[in-house]
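Construct all of the structure, not just a fragment, from the sequences and the given hints.
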Amino acid sequence: DVKVTQSSRYLVKRTGEKVFLECVQDMDHENMFWYRQDPGLGLRLIYFSYDVKMKEKGDIPEGYSVSREKKERFSLILESASTNQTSMYLCASSLTGTGKEKLFFGSGTQLSVL
Amino acid sequence: GESVGLHLPTLSVQEGDNSIINCAYSNSASDYFIWYKQESGKGPQFIIDIRSNMDKRQGQRVTVLLNKTVKHLSLQIAATQPGDSAVYFCAENSDYKLSFGAGTTVTVRA
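Listed in order, the protein sequences are those of chains U and H.
Using the working numbering, the first residue of the first sequence is number 9, and each one after it goes up by one.
Using the working numbering, the first residue of the second sequence is number 2, and each one after it goes up by one.
One or more hints might be untrue.
Stated by the list, open to error - Part of the chain U face toward chain H, derived, beta carbon under 10 Å: (1) Gln14; (2) Gly24; (3) Phe28; (4) Leu53; (5) Phe56; (6) Glu64; (7) Gly66; (8) Leu98; (9) Thr106; (10) Lys108; (11) Gly114; (12) Gly116.
Stated by the list, open to error - Restraint-style ranges between C-beta atoms, simulated for each label pair: (13) U:Asp46 <-> H:His73: 19 to 27 Å; (14) H:Pro10 <-> U:Ser90: 37 to 45 Å; (15) H:Gln46 <-> U:Leu122: 42 to 50 Å; (16) H:Arg110 <-> U:Ser75: 45 to 53 Å; (17) H:Gln46 <-> U:Met62: 21 to 29 Å; (18) H:Thr108 <-> U:Ile68: 24 to 32 Å; (19) H:Arg110 <-> U:Thr104: 22 to 30 Å; (20) H:Leu9 <-> U:Arg22: 35 to 43 Å; (21) H:Ser27 <-> U:Met96: 21 to 29 Å.
To be verified - Each computed DSS-like pair below joins lysine-lysine, with the alpha-carbon atoms no more than 27 Å apart: (22) U:Lys63 <-> H:Lys57; (23) H:Lys69 <-> U:Lys21; (24) U:Lys79 <-> U:Lys61; (25) H:Lys69 <-> H:Lys57; (26) U:Lys78 <-> H:Lys57; (27) U:Lys65 <-> H:Lys43; (28) U:Lys79 <-> H:Lys98; (29) H:Lys98 <-> U:Lys11; (30) H:Lys69 <-> U:Lys11; (31) U:Lys21 <-> H:Lys98; (32) U:Lys79 <-> H:Lys43; (33) H:Lys69 <-> H:Lys98; (34) H:Lys98 <-> U:Lys65; (35) H:Lys69 <-> U:Lys108.
Since the hints were derived computationally from the structure, they do not count as laboratory data.
Remember, it's a predicted structure, so these values are computed and weren't measured experimentally.
Note that CB positions come from ideal geometry on N, CA and C, so glycine has one too.
Set out below in structure tokens:
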């Protein structure tokens, strides 16, 4: 089975801090995604990457950046964390980039910004 | 942009009964749909998917129905069990990525 691993289950950070969320997948998938999940809003796409060093903005990229230096690793960066970025962050991967296939999700990182 | 939505945010079901979770979508160009289950403390897990050239697909205890005329998707769970308690999300493909609805929380009563 595909395994998508997020480095932290819970994180607590202060306003203004730079925050790194790490994600690794072990199935040589081309595409990786970062979503945030908030009650009543479902999953909203922040950024995705279809290849090493490539990235595309999702629906809510403001306040975030990403890095994909290696195929298996996709990092989400909060340059200056704010309280409205308190959320559950989910990383996912998929084999190709058609949008017509299932995503494999990690267990999520619950980030609290104080 | 267009969005996927679920009719009800919560659903309470008696153990052993069948569950029906509904989802309305607005993008008539979408041709792929998928259902996920998310248990407490876990990431979403794939349940079943369907392409627009089909109107029904069955899996183990689950059936997905697609009505393109009214842009409606449903997930039916047969003989609901306590382990089916979770949040269920539908998603549609849009511009080479998936767009998710807000989710329905299913609670199974013993």
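Verification of the hints:
The interface hint given for glutamine 14 (chain U) holds, since its Cβ lies 8 Å from the closest Cβ of chain H, which is under the 10 Å cut-off. Residue-level restraint check for glycine 24 (chain U) is violated (minimum Cβ-Cβ distance to chain H is 29 Å; threshold 10 Å). At about 19 Å, the closest approach between the beta carbon of phenylalanine 28 (chain U) and any beta carbon in chain H exceeds 10 Å, and the interface hint on this residue is violated. At about 6 Å, the closest approach between the beta carbon of leucine 53 (chain U) and any beta carbon in chain H falls short of 10 Å, and the interface hint on this residue holds.
Interface hint at phenylalanine 56 (chain U): satisfied, since its Cβ lies 6 Å from the closest Cβ of chain H, which is below the 10 Å cut-off. The beta carbon of glutamate 64 (chain U) comes within 9 Å of a beta carbon in chain H, closer than 10 Å, and the hint placing it at the interface holds. Annotation: glycine 66 (chain U) was flagged as interfacial toward chain H, and the flag holds, the nearest CB pair being 7 Å apart, inside 10 Å. For leucine 98 (chain U), the interface hint holds, since its Cβ comes within 10 Å of a Cβ in chain H; the closest pair sits about 6 Å apart.
A hinted interface residue such as threonine 106 (chain U) counts as satisfied when its beta carbon comes closer than 10 Å to some beta carbon of chain H; here the least separation is about 6 Å, so the hint holds. For lysine 108 (chain U), the suggested interface contact is upheld, since its CB lies about 4 Å from the closest CB of chain H, less than 10 Å. Contact between glycine 114 (chain U) and chain H, as hinted, is supported at the beta carbon level, the nearest pair being about 5 Å apart and thus within 10 Å. The closest approach between the C-beta of glycine 116 (chain U) and any C-beta of chain H is roughly 5 Å, which is under the 10 Å cut-off, so the hint is satisfied.
Checking the proposed 19 to 27 Å range against aspartate 46 (chain U) and histidine 73 (chain H) shows it holds: the Cβ atoms sit about 25 Å from each other. Against the hinted window of 37 to 45 Å, the Cβ-Cβ separation of proline 10 (chain H) and serine 90 (chain U) comes to about 27 Å, which falls outside the hint. For glutamine 46 (chain H) and leucine 122 (chain U), the Cβ-Cβ distance of about 31 Å falls outside the hinted range of 42 to 50 Å, so the restraint is violated. Look at arginine 110 (chain H) against serine 75 (chain U): about 46 Å separates their beta carbons, and that is inside 45 to 53 Å.
The hinted window of 21 to 29 Å between glutamine 46 (chain H) and methionine 62 (chain U) holds, with their beta carbons roughly 27 Å apart. Between threonine 108 (chain H) and isoleucine 68 (chain U) the C-beta distance comes to about 29 Å, which sits within the given range of 24 to 32 Å. Checking the proposed 22 to 30 Å range against arginine 110 (chain H) and threonine 104 (chain U) shows it is violated: the Cβ atoms sit about 41 Å from each other. Roughly 38 Å separates the CB atoms of leucine 9 (chain H) and arginine 22 (chain U), a value that falls within the hinted 35 to 43 Å.
The supplied range of 21 to 29 Å is met by serine 27 (chain H) and methionine 96 (chain U), whose beta-carbon atoms lie about 25 Å from each other. Between the alpha carbons of lysine 63 (chain U) and lysine 57 (chain H) the distance comes to roughly 35 Å, so the proposed pair goes past 27 Å and is violated. Only pairs whose Cα atoms come within 27 Å are accepted, and lysine 69 (chain H) paired with lysine 21 (chain U) is rejected, the gap being roughly 45 Å. The suggested pairing of lysine 79 (chain U) with lysine 61 (chain U) holds, with an alpha-carbon distance near 9 Å, which does not exceed 27 Å.
For the proposed pair lysine 69 (chain H) and lysine 57 (chain H), the alpha carbon gap of about 11 Å is at most 27 Å, so the pair holds. Proximity of lysine 78 (chain U) to lysine 57 (chain H) is assessed by CA-CA distance (about 39 Å); at most 27 Å being required, the pair is judged violated. Simply put, lysine 65 (chain U) and lysine 43 (chain H) have alpha-carbon atoms about 25 Å apart, close enough for the 27 Å limit, and the pair holds. Straight-line distance between C-alpha atoms of lysine 79 (chain U) and lysine 98 (chain H) comes to about 19 Å, which keeps the hinted pair within the 27 Å bound.
The straight-line distance between the Cα atoms of lysine 98 (chain H) and lysine 11 (chain U) is roughly 20 Å, inside the 27 Å bound, and the hint therefore holds. Distance check on the hinted pair: lysine 69 (chain H) and lysine 11 (chain U) sit about 34 Å apart at the alpha-carbon level, beyond 27 Å; violated. A distance of roughly 30 Å separates the Cα atoms of lysine 21 (chain U) and lysine 98 (chain H); the hinted pair therefore is violated under the 27 Å criterion. A distance of roughly 24 Å separates the Cα atoms of lysine 79 (chain U) and lysine 43 (chain H); the hinted pair therefore holds under the 27 Å criterion.
Of the pairs offered as hints, the one joining lysine 69 (chain H) and lysine 98 (chain H) holds, with about 20 Å between alpha carbons and a cut-off of 27 Å not exceeded. Only pairs whose Cα atoms come within 27 Å are accepted, and lysine 98 (chain H) paired with lysine 65 (chain U) is accepted, the gap being roughly 11 Å. For the suggested pair lysine 69 (chain H) and lysine 108 (chain U), the alpha carbons sit about 17 Å apart, so the restraint of at most 27 Å is met.
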